[in-house]
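Engineer: Just so you know, the sequences run in chain order A and B. Counted the way the working numbering counts, the first sequence spans residues 58 to 285. Counted the way the working numbering counts, the second sequence spans residues 58 to 285.
Simulated from the structure, these hints should not be mistaken for laboratory data. Treat the hints loosely; a few may be bogus.
Treat identical chains as interchangeable: a pair holds within one or across any two.
Claimed, not checked - In silico lysine to aspartate or glutamate, DMTMM-like type, Cα no more than 25 angstroms apart, as pairs:
(1) Lys85 x Glu205
(2) Lys275 x Glu84
(3) Lys275 x Asp97
(4) Lys127 x Glu205
(5) Lys102 x Glu253
(6) Lys276 x Asp149
(7) Lys180 x Glu81
(8) Lys102 x Glu205
(9) Lys169 x Asp179
(10) Lys85 x Asp179
(11) Lys94 x Glu77
(12) Lys125 x Glu205
(13) Lys275 x Asp149
(14) Lys118 x Asp104
(15) Lys94 x Glu122
(16) Lys64 x Glu262
(17) Lys125 x Asp279
(18) Lys125 x Glu254
(19) Lys102 x Glu161
(20) Lys64 x Asp236
Protein chains: 2
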Amino acid sequence: MDNMFDKLLHLPLFQGVSQERLSETVEKVPFHFLKFKRGDKIIDKGDKCTHVRFIISGKVKMTYESRKLKFSISHELTAPEVIAPDYLFGLDTSYPFTLRAIDECGILQVSKNDYVTMLQSDKVFVYNILNYLSRNSQMFKSQMLNAEQVTVTERLVMTVAAFTTQKSQNIVLEFRQRDLCRILGARRPALITTIEELTSKELIEVPNNSSIIISDRKKLLDCLRDVQ
Amino acid sequence: MDNMFDKLLHLPLFQGVSQERLSETVEKVPFHFLKFKRGDKIIDKGDKCTHVRFIISGKVKMTYESRKLKFSISHELTAPEVIAPDYLFGLDTSYPFTLRAIDECGILQVSKNDYVTMLQSDKVFVYNILNYLSRNSQMFKSQMLNAEQVTVTERLVMTVAAFTTQKSQNIVLEFRQRDLCRILGARRPALITTIEELTSKELIEVPNNSSIIISDRKKLLDCLRDVQ
């Protein structure tokens, strides 16, 4: 059980909460622990986000797919991590991605209503979720106000940033080149220049014409700051 | 005082709270009421966001300016409205805009810490702020996943959407055309086509080569949904 508490205290939305408070919370609020086998679908695109969900063991793959074009972006998340808490509230509370277990993994879930009860039990919970959500909201505006030029490269990096999180690993974009051009509002030559530049800086890998792999998200996002 | 309660209950983050709970809150949490004269600067760019602030009477003008380029976007907000609560938390808690009183206006402010106390007193407060912040976070991803093509028009509309809110009025963009091209990552001919199209649909007005006026934000954003 100590080991479990330790894990919970490392979850993004639980950070900074005292062990005492956490054990009080666990007594009051129903925590559901689920197990998934390798390859299992944990969340299907369109599922309602009724619970805040955490990965407490193992690794998952989150995949977003364009509805109209051949374009997808996937990334891996390793425990301890929270799963897209930005779909718990707001206009759209359906998950727009699928989530699969890469290897055996444990998920903790707390219903939306119980989570709000948790938020009321300790300010630290409140600070954590508000910080998490505000960061996303600030990013786009900040980028637009600081940019000297929003190039195809910047639009590509901003797109990667928006669909992934700080701890995302092994980010993979799969696309038909014409469709990636449409998503980025770019002409083919500009896209090719962008891909060549980022490849030469070792920020992306390009195994073929229809995919891009990003192994170090932070390094890619730093390149955005360089151009500012 | 009844009139004041009535005003408070219409503030975006207070909606749905019972009058009883609100009066309990006002007794416990320090609410500061400030008055500003026409033309007064209420918030300066770079000011720390230490309080959640609401417009309870009058009208204000919020202006964002690019740091490097000649590009600004301003809009008017009329009471009752909350002022950019997305800067209270997150990575950057400095306001990136200036806020001026258009006519005499009243501002209510609650310190960040007291606001978190309020959140803990009633779930409705929590739902309101989480809904507000999640909406911003979802918008960019939703647009990218639904688009058949992210054109210059869509990038312009998304930029307007990101910097304004549902109740924004009289939205004005001022720019050097070359710089707006840089912000949108567009060539000049594409920008001109976009401006002509939106003008002919009466979604924007173009008093001169360096400004755009949007009088109906909702109508402009609906045009985004049409192309999806």
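Engineer: Going back to the hint list, which numbers does this structure go against?
Structural biologist: 1, 2, 3, 5, 11, 16, 20
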